[in-house]
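J.: Each chain, letter by letter, is given below.
Number of protein chains: 2
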Amino acid sequence: MSISNVRQLIHNWLLAHRDAGTCLLQQLVRCPSKAGAEAAAQQLIATHLQSLQLEVEIWEPDGTQLAEHEYFYSPRQSFTGSPNIVAKMKGTGNGRSILLNGHIDVVPEGNVDDWRHDPFGGIKEEGKLYGRGASDMKGGTVSLLLALQAIKELGISLQGDVIFQSVIEEESGGAGTLAAIVKGYKADAALIPEPTNLRIFTKQQGSMWFRITVTGRAAHGGTRYEGVSAIEKSMLVVQGLQGLEHHRNSRITDPLYADNPIPVPINVGIIQGGNWPSSVPDTVVLEGRMGVAPYESLDDAKREMVEWIGEMAKHDAWLLEHPPKVEWFGARWIPGDVDPDHEFARVLRNEYYATVGHEPKVEASPWGTDGGLLTKLADTPCIVFGPGVTEAAHYPNEYIVLDDVFTAAEVVAMTLIQWCGMEVIQDETDTHDTYQPQD
Amino acid sequence: MSISNVRQLIHNWLLAHRDAGTCLLQQLVRCPSKAGAEAAAQQLIATHLQSLQLEVEIWEPDGTQLAEHEYFYSPRQSFTGSPNIVAKMKGTGNGRSILLNGHIDVVPEGNVDDWRHDPFGGIKEEGKLYGRGASDMKGGTVSLLLALQAIKELGISLQGDVIFQSVIEEESGGAGTLAAIVKGYKADAALIPEPTNLRIFTKQQGSMWFRITVTGRAAHGGTRYEGVSAIEKSMLVVQGLQGLEHHRNSRITDPLYADNPIPVPINVGIIQGGNWPSSVPDTVVLEGRMGVAPYESLDDAKREMVEWIGEMAKHDAWLLEHPPKVEWFGARWIPGDVDPDHEFARVLRNEYYATVGHEPKVEASPWGTDGGLLTKLADTPCIVFGPGVTEAAHYPNEYIVLDDVFTAAEVVAMTLIQWCGMEVIQDETDTHDTYQPQD
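If you read the sequences in order, they're chains A and B.
Under the working numbering, read the first sequence as residues 285 to 723, first letter to last.
Under the working numbering, read the second sequence as residues 285 to 723, first letter to last.
Residues from chain B that face chain A, not an exhaustive set, calculated with beta carbons under 8 Å:
id	residue
1	W493
2	H504
3	T507
4	V522
5	V552
6	Q556
7	G557
8	G558
9	N559
10	W560
11	G575
12	P650
13	Y679
Label pairs and their in silico Cβ distance ranges:
id	chain 1	residue 1	chain 2	residue 2	range
14	A	D398	B	D543	47 to 55 Å
15	A	E510	B	R400	20 to 28 Å
16	B	A304	A	E510	34 to 42 Å
17	A	H599	B	K318	41 to 49 Å
18	A	E409	B	G320	46 to 54 Å
19	B	Q361	A	I342	54 to 62 Å
20	A	P359	B	D397	24 to 32 Å
21	B	R400	A	I342	53 to 61 Å
22	B	D397	A	Q526	33 to 41 Å
Hint data in this document are derived by calculation from the structure and do not stem from the laboratory.
Think of the CB as a built atom: it goes at the ideal place given N, C-alpha and C, for glycine as much as any other residue.
So here's chain A without its partners, still in its complex pose (with noise of 0.2 Å):
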C-alpha cells in the first residue's frame, strides 16, 4: 500500500470523523479548567484515550517533590484534583518515538462582559468555535486525538512508540510537563500544537518575569520639589528598558526572525506607584515579561538586564545613590531551539506541503512553551505546530477556525506515520511488510 493511499485514508477517515471531533472539542471547551479545576477536562481526554485502548496513566504531580527541582515554578505548591495524563501507544519496534503534548489549562476567561458569547459554551459561528482554550490550546489537542485515532481505527500500526500527553500548569510555569520529565517520559522528538496558526515553530522565545522597584522620597504634592517623583525616576527606567531591547534585538540575526520586528521584546505590563494624589509617591513598582532568545540562558539574560539597570543609574544623581532593585518573579518559559533542518522538522514541514498543498512557513515563536522544557531537559527536541489564532489567545472572545483543527490532525497523523515508521496496512494485495518513509 503506497503511502499516498494511506493519506487518503487518514484524510477520509478524518472527514468521516468530523462532527465526532467538533463535539469533542466543544465537549472540552465546556469544562473551564483553569488552573485548579481541570479534573473535568482530563476525565473527558481519559475516557477518549481509554476508548482507544491505549495505556493511560493518570496522576497528580507531587508538588512538595517538584519545588526542590531546578526548573520548578508554579503559583501553587499543591496539586491535588489537577491530574497529569500520559498515554501510550507502544510501537512494533525499531521506529523513532515521539512524544505529543498538549496542556489542558486555560487561562481566566476575564471581563465576561468583553465577551459576544459564553466564554465556556463552545459556541458554533460560521467555522470558528468560540470559547476559552479553544485556540489555546484545545484546538491543538484534540487534532492530537483524532490523529491517533485514525491511525488506530485504520488498523495503522507505527513501529516508534507515541507518547499522548495532557498536563496542566503550562499557563503557570510548565510544572505539569516538568512532573512527566521527572517520572522519566522522553522522546526522539516532541510536537506541542499551541496556536501557530499552522506555522512550523522551530524555536521557541523563552521568556521570564521582572519586577523593578523604583524608590523615590515623599513628600507633599504642595510642596513637591522637596521630594524626588518615584513615577518620574520611574520613566528613566522605562526609557532605559527601551535602550536595552533594542540592543539586545540588535544582535539578532537569525533568518527566522526575519518578519519580526521585535524578536525579544521586553514588555513592562504592569506599573503601580503612590497612594495619594496630593503625595509625591515614593515607590513604583514595574512588572514585566523579558523575551529571551532561542539560543541565550536565562541567566544570561537576567545579568544583561540587571547590569544595564545599573549602568543606566550612573547617569542619574538620585538613582546612582538609590539604584532600582532588579526582581525576578513568577513564572518564566525556557526557550527551545531545534535545528530548521532536523529530521523531524524535515518531516513535518513536508507533511505539511503534501497536505496543504504550499510550504509553510518556518519562524521562530514569540512566546514561550513547554517546549524549552522537553528539548533542554528531556533531550527531547520538540517542535511546535498546531491549528489556532495566537493573537486570539488569552483574550475575549477566543476562538479557532474548525478547518485548521482537522487540516492539524491530517498533518499530524501523517508526521506520525514517516516519523515512527509505518508496518504496511494488510490489504488483499500487500504482504505484511515494513514501509520505510522516503523524504
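Please arrange chain B on chain A, whose structure you already have, making use of the hints.
T.: Only chain B this time, still in chain A's reference frame:
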C-alpha cells in the same frame, strides 16, 4: 493699664499654664480623631470651652443638605458621630469680630512600624510632642484655646465677638467649615492656626485632584509591537504635565512666592496600569493634585489643563485618535487671597514682632486650607498662622515644638486684643476705659 502690661500678664499666664496646656494637647493627640472618629476629641474641646463659661454649639452636619451645596465635597454622606463645635465669646460691642478655626480631623497614621513612638501616644521628648495631629493641627487648636482661656481668666473683656470653631472634615474637603458657614458664621477676619511654623500666610494655594486615563491597545508581551503600551503613552502625559506646570508657574511674579521654586505645582501622586506582566497594558490611570494660584479660579485652572492635554495629544498619532480623558474628583481646596497689607495682617505681623522680637516671614502657603472657603464664600478674610512643622504633617513621626504652641498662643491672644479692641482691665490705678489699639 498699658498694652505692655497686658502683654506681660498674658506672657506670665502662659508660663504658669505650660504644663496644663501641654497636657491638653497630649489628651487631644491621644484621641485618634480620624474621619468618622472625631467625637471623643471634640468632647474634650467642648468641655474645655464650657469650663470657660462660653456658649457652645455642638452639631452633626447634615450631609444630605450639604450635598446640594456647590462647594461640598466629602467621601461620605453622613456625619453621624462627627460633630462640629462652635463657641462664642460675645464682645462688649463696637469692636471688630474674629473667627478662629481649627480642624479636629487627622489623616491616618499609615504604617505604624514607621513611627518611633505610638502615633496616638502623645509622647514628649526633648521639647517636642509626637503624634498624628500634633502639628496638623491640634497644636494650633491648643494655641487658640490657651489664648481664649488667658483672656477669660485675666478678666480681659473684648469689644468684638470671638467665634471659635473646631471643625471636622478639613482633610477630606472642608465639609465641617462649610457646615458652619451655611449656619451663618462669619466675622470681620479669620485666623486658622495650621502648621505654618509661625510664618504668616496671607495667601493660600488652592488645589484639586485630577484623574487622567490613558488608553493603549492590549497584546501579548511576546508580540508587543501588535499593541500600544498605555504605560509608554502615559509617560508622554507626565511630560506634558511637567510642561504645563512650567508654563503656569512662569506667569507667577507675586513676591510672596519669592522663596518658592514651584508656587503652584502639579503632582502626579498615583500611577496604576496593566494587570499582567506578559500583556501590553491597555489602560493607565494617573491621579494627582493640581495647585491653583490664590488669584485663580478652580474653573480656569481646570480649563487650562484640559486644553493643554488636548493640545499635547495632537503631537502623537495614537493619542490624537485616543485622547487622554481628564476628570476632576475627590477633594479640592479653594485658594485664599488676602492682601498682605490688610489691617488684620498688619495687626498679626506687629503682634508677632512684639512677641518674638523679629519680623515674621509672610508667604503664600503651598497648600490649601479651609481659609479659602472662609475668604471666598463667607466673605471673611482669612490668614493662616500657627505653630507646627509642615514637613512633619501627614508623615510618620509627626511632632510639634511645644515652645511654638505657647508662642503662637501669645501672638493670638494679643492679636485678639488688638483686633477686637479691649475694655481695660480694672485695677486700682485705672478707671474702666476703652483701650484703642495703636498700630
